[in-house]
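Chain L is already provided as a structure; the job is to place chain V on it using the hints.
Number of protein chains: 2
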Amino acid sequence: MNSGQALETLHRIDREYRCLEKAAAVLQWDQETCLPAGGVEERAEQLALLEGIAHERLIDPETGRLLAELGSVPENPRGDRALPEPERDFLRVTRRRYERAVKLPADFVSAAARAGGLSQAAWAGARRANDFASFLPHLETMIDFARKKAAYWGFGNGAGSLYDGLLDIYEPGMSASETGGLFAALRERLVPLLEKISLCPPPDTSFLKQDFPVEQQAAFSQRLMDYLGFDRGRGRLDTSAHPFTTSLGSDDIRITTRYFPDNILSGLFSVIHESGHAFYEMGFPPELRGSCLADGASMAVHESQSRFLENVIGRSRSFWTGCFPLLREYFPRQLKSAGAENFYRAVNEVKPSPVRVDADEISYSLHIIFRFELEKRLIGGELAPEKLPPVWNDYTREYLGLESETVADGVLQDIHWSMGSFGYFPSYALGNLYGLQILKKLKQDIPAYESAVAEGKFSLLYDWLGENIYRWGCRLEPGELLSKITGEKLSVNPFLEYIEGKYSELYGF
Amino acid sequence: MNSGQALETLHRIDREYRCLEKAAAVLQWDQETCLPAGGVEERAEQLALLEGIAHERLIDPETGRLLAELGSVPENPRGDRALPEPERDFLRVTRRRYERAVKLPADFVSAAARAGGLSQAAWAGARRANDFASFLPHLETMIDFARKKAAYWGFGNGAGSLYDGLLDIYEPGMSASETGGLFAALRERLVPLLEKISLCPPPDTSFLKQDFPVEQQAAFSQRLMDYLGFDRGRGRLDTSAHPFTTSLGSDDIRITTRYFPDNILSGLFSVIHESGHAFYEMGFPPELRGSCLADGASMAVHESQSRFLENVIGRSRSFWTGCFPLLREYFPRQLKSAGAENFYRAVNEVKPSPVRVDADEISYSLHIIFRFELEKRLIGGELAPEKLPPVWNDYTREYLGLESETVADGVLQDIHWSMGSFGYFPSYALGNLYGLQILKKLKQDIPAYESAVAEGKFSLLYDWLGENIYRWGCRLEPGELLSKITGEKLSVNPFLEYIEGKYSELYGF
Numbered sequence: 063m064n065s066g067q068a069l070e071t072l073h074r075i076d077r078e079y080r081c082l083e084k085a086a087a088v089l090q091w092d093q094e095t096c097l098p099a100g101g102v103e104e105r106a107e108q109l110a111l112l113e114g115i116a117h118e119r120l121i122d123p124e125t126g127r128l129l130a131e132l133g134s135v136p137e138n139p140r141g142d143r144a145l146p147e148p149e150r151d152f153l154r155v156t157r158r159r160y161e162r163a164v165k166l167p168a169d170f171v172s173a174a175a176r177a178g179g180l181s182q183a184a185w186a187g188a189r190r191a192n193d194f195a196s197f198l199p200h201l202e203t204m205i206d207f208a209r210k211k212a213a214y215w216g217f218g219n220g221a222g223s224l225y226d227g228l229l230d231i232y233e234p235g236m237s238a239s240e241t242g243g244l245f246a247a248l249r250e251r252l253v254p255l256l257e258k259i260s261l262c263p264p265p266d267t268s269f270l271k272q273d274f275p276v277e278q279q280a281a282f283s284q285r286l287m288d289y290l291g292f293d294r295g296r297g298r299l300d301t302s303a304h305p306f307t308t309s310l311g312s313d314d315i316r317i318t319t320r321y322f323p324d325n326i327l328s329g330l331f332s333v334i335h336e337s338g339h340a341f342y343e344m345g346f347p348p349e350l351r352g353s354c355l356a357d358g359a360s361m362a363v364h365e366s367q368s369r370f371l372e373n374v375i376g377r378s379r380s381f382w383t384g385c386f387p388l389l390r391e392y393f394p395r396q397l398k399s400a401g402a403e404n405f406y407r408a409v410n411e412v413k414p415s416p417v418r419v420d421a422d423e424i425s426y427s428l429h430i431i432f433r434f435e436l437e438k439r440l441i442g443g444e445l446a447p448e449k450l451p452p453v454w455n456d457y458t459r460e461y462l463g464l465e466s467e468t469v470a471d472g473v474l475q476d477i478h479w480s481m482g483s484f485g486y487f488p489s490y491a492l493g494n495l496y497g498l499q500i501l502k503k504l505k506q507d508i509p510a511y512e513s514a515v516a517e518g519k520f521s522l523l524y525d526w527l528g529e530n531i532y533r534w535g536c537r538l539e540p541g542e543l544l545s546k547i548t549g550e551k552l553s554v555n556p557f558l559e560y561i562e563g564k565y566s567e568l569y570g571f
Numbered sequence: 063m064n065s066g067q068a069l070e071t072l073h074r075i076d077r078e079y080r081c082l083e084k085a086a087a088v089l090q091w092d093q094e095t096c097l098p099a100g101g102v103e104e105r106a107e108q109l110a111l112l113e114g115i116a117h118e119r120l121i122d123p124e125t126g127r128l129l130a131e132l133g134s135v136p137e138n139p140r141g142d143r144a145l146p147e148p149e150r151d152f153l154r155v156t157r158r159r160y161e162r163a164v165k166l167p168a169d170f171v172s173a174a175a176r177a178g179g180l181s182q183a184a185w186a187g188a189r190r191a192n193d194f195a196s197f198l199p200h201l202e203t204m205i206d207f208a209r210k211k212a213a214y215w216g217f218g219n220g221a222g223s224l225y226d227g228l229l230d231i232y233e234p235g236m237s238a239s240e241t242g243g244l245f246a247a248l249r250e251r252l253v254p255l256l257e258k259i260s261l262c263p264p265p266d267t268s269f270l271k272q273d274f275p276v277e278q279q280a281a282f283s284q285r286l287m288d289y290l291g292f293d294r295g296r297g298r299l300d301t302s303a304h305p306f307t308t309s310l311g312s313d314d315i316r317i318t319t320r321y322f323p324d325n326i327l328s329g330l331f332s333v334i335h336e337s338g339h340a341f342y343e344m345g346f347p348p349e350l351r352g353s354c355l356a357d358g359a360s361m362a363v364h365e366s367q368s369r370f371l372e373n374v375i376g377r378s379r380s381f382w383t384g385c386f387p388l389l390r391e392y393f394p395r396q397l398k399s400a401g402a403e404n405f406y407r408a409v410n411e412v413k414p415s416p417v418r419v420d421a422d423e424i425s426y427s428l429h430i431i432f433r434f435e436l437e438k439r440l441i442g443g444e445l446a447p448e449k450l451p452p453v454w455n456d457y458t459r460e461y462l463g464l465e466s467e468t469v470a471d472g473v474l475q476d477i478h479w480s481m482g483s484f485g486y487f488p489s490y491a492l493g494n495l496y497g498l499q500i501l502k503k504l505k506q507d508i509p510a511y512e513s514a515v516a517e518g519k520f521s522l523l524y525d526w527l528g529e530n531i532y533r534w535g536c537r538l539e540p541g542e543l544l545s546k547i548t549g550e551k552l553s554v555n556p557f558l559e560y561i562e563g564k565y566s567e568l569y570g571f
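Chains as they are written, first to last, in the numbering used here: chain L, 63 to 571; chain V, 63 to 571.
Hints are not guaranteed to be accurate.
Claimed, not checked - Computed beta-carbon distance windows for the label pairs:
id, chain 1, residue 1, chain 2, residue 2, range
1, V, Ala-280, L, Gly-187, 56 to 64 angstroms
2, L, Glu-411, V, Asp-193, 50 to 58 angstroms
3, V, Gln-506, L, Asp-324, 53 to 61 angstroms
4, L, Ala-168, V, Ala-280, 42 to 50 angstroms
5, V, Pro-148, L, Asp-193, 35 to 43 angstroms
6, V, Ala-99, L, Pro-146, 49 to 57 angstroms
7, V, Ala-173, L, Asp-507, 31 to 39 angstroms
8, V, Arg-190, L, Gly-187, 34 to 42 angstroms
9, L, Ala-173, V, Asp-288, 36 to 44 angstroms
10, V, Pro-136, L, Asp-193, 54 to 62 angstroms
11, V, Ser-521, L, Gly-187, 25 to 33 angstroms
To be clear, the hints were calculated from the coordinates, so they are not data collected in a lab.
Glycine included, each C-beta is placed from N, C-alpha and C at the ideal position.
Bound-form chain L, shown alone:
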């Protein structure tokens, strides 16, 4: 077999695997948005079966043989240097995925998928019922599966902790100690900033404390998608217990949000956040279509796109200059006496909340940092899951100065652990760092970017992101991508400068 044929076979296996994953993603999307209560168990069986079949494709021994034939080895995963660059990137990603997969027994993979389905359903029920106990056995199971997974990959045995192995899923090469270092530097400046702000007079937010009917919020969200330039021919918006983005195909990228009649900001900013994820997915170039390279560089880079759109754009003065008049069309009574500047100030109110997705930009990172500490301890076996509710409250008090009121809005607020996604949370805070570091370059290249945002003209922005980020898919590792754009390593400084600049102006110190 020559290298052309070998690559062709690898691509065929990859396409089939991706296709199965997308089919499973349809079942998962449906589970979160549509599934009747009675269907939960059978859906878990269906997903376990699909994941099992996909896993079989992934561990096809042919893949191992072909990788070796093409010169891809652990020390040189990109393989033969004579191959075209995109193929070498394809080999790197294929090798990483193959090595991960062959180390997991098929039984384990399908049992984990089945348990994940049941666990998510139990989480949703427990959250509704504000009942941690009914979720606890599922949480224990998911922790156990996560620990075993990292152990199968060889972590926890000298070459990094079990938790390092989970972090590496989402942020290749990032260790718990590096993450801890960045987070310590963040915490050091964010906690005093939060205290300083708590002494300042708060902005007027009284006009937000009204009834915003859910139907009107849903109608505005559809309008907001159009305003942001979301292509409805390639995606859609639905509601679910926890907002998410999922890609069911290159041209079928779906986002979800949720609405609360007494909190218009929650649903609205989730739409902007998830749109940021969606634009990344929609921006992978046609030549990567259906391939494993049509994916985010890492979860943190993915979160950099969503949190950038949500916060740096969506919570900017420029954005609301253009968008507030639109919002007022949907809520003329509620927003009669408010203006764009009021709204801008109100949506940037720094007021720690027990709920992460409702948190301001400053306390948000602190939410992440304590989740990172907690999951590191859970996976390390230093914290027993049944102790979680009181310990959660201790952390909430220590980091945010808050008392948790319910487990539903406390330890049960996030879906991640119910899915077994330990190691995911840090991505959000790392995403902020990537986003702001990238913004520095963007501002150099497009000085007019703020006025474009004020006019609701986002294509300039998306084009730049497309050229610098989207088009790479996951061809580059996150560090390589950041270095290609900025010439630098990941750092907390651009984010902290942005935060300190924005909030000192807002709070006048």
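Then chain V, alone, in the frame of chain L:
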């Protein structure tokens, strides 16, 4: 291997196959209700892959070996007489399915699935654009696939026509000539009846010719589901271009409808019709769960359930005695001056329509009969697909005395051919026959059934249907089931007696 182990292996293969089919059904449901336009092609690829994998499971040579070991042979498909009855029924169904599947090459199956996905999407577009030409190449492809399928099964070569082979998919053992005989007997009495009625003064339907906002119709449909006793914990209602029912799991049965602001009856009766299908699916007993026996006895028996609920119940005086006040709550302005008796008469107006799903009970069967004639000719190669629009018009004129106005409401009105479901249409008219023949027995067993319907108490009815029909799944062939309930063979008489009795009273002759 003893017979217990052999059966266990067959059941495991069956469960896995069913699970894959349900996963594919989720993708199909999503395609009809949610899929963004851009996702069509990739969805077709996903479905083709899943169908291909399911087909591999189906043709596992182990199945052939185990069937033989258990004594199941073409002459005695139920196998060893010492086995328990349900297992013997399981062998019969497994053999039928296995024999069908092994005769189809895997490439053919996955190509047909892919073409079906594209064809359905093309049909939906063509229908919107009222453009037959853009659908024609897909129709030709689907006819070709259907002909080839029947030929693979050995039809068209002495042992029955190609079309017989397609009919047999939906109504095991029913030939085109038997169907033709029943349909001729129907036509002979329905056409003169239609003419007789056309000379009578029509009922007052003016109050239906108003604006019924789609949102209110959707709200009423949800209420109607509750009124009918639809368990929302085990299913849901959505909208799609063409109403359908699909089972995504034993406890996840979904129905769809569509709404027209100028026609409240269309959406409403589709909800009742599809609920009839759904109750059948929801009524299979727990011991058949996840097995191939948890299915309708045939498509006509399935349609007997939906058309019975839609027409015999849903278009009865008793039903609207109870339900009309509810409907008026949702449309107080539009229905101010109408009463239950007016409504009953109006929904039974005999007025041939070019659209099958809007047809009255008499012309409905005529719609089916000419579709049967047309598809017999298309499959037999006696009618070229490109000739279809004018020939459709000829049939519409001859059977219904109507001129078709558009292809969208003419030859493009039904989804069936776009899916390659040739041989399906007769099930609707045969379903009427089954339904009315079964009703005779139901009335003997439950004399109070009409007053229960008037009070909106349907559980008496569902319990009887459960005991006599649902609980069998497809353990019995349709003829066996009918004979077990009524002791008779399928006949046109109970249906014609019902029709003639009902409409002579309504039209006063």
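Cross-check of the supplied hints:
no.	hint	result
1	V:Ala-280 <-> L:Gly-187: 56 to 64 angstroms	violated, 27 angstroms
2	L:Glu-411 <-> V:Asp-193: 50 to 58 angstroms	holds, 54 angstroms
3	V:Gln-506 <-> L:Asp-324: 53 to 61 angstroms	holds, 58 angstroms
4	L:Ala-168 <-> V:Ala-280: 42 to 50 angstroms	holds, 45 angstroms
5	V:Pro-148 <-> L:Asp-193: 35 to 43 angstroms	holds, 40 angstroms
6	V:Ala-99 <-> L:Pro-146: 49 to 57 angstroms	violated, 33 angstroms
7	V:Ala-173 <-> L:Asp-507: 31 to 39 angstroms	violated, 48 angstroms
8	V:Arg-190 <-> L:Gly-187: 34 to 42 angstroms	holds, 41 angstroms
9	L:Ala-173 <-> V:Asp-288: 36 to 44 angstroms	holds, 38 angstroms
10	V:Pro-136 <-> L:Asp-193: 54 to 62 angstroms	holds, 57 angstroms
11	V:Ser-521 <-> L:Gly-187: 25 to 33 angstroms	holds, 28 angstroms
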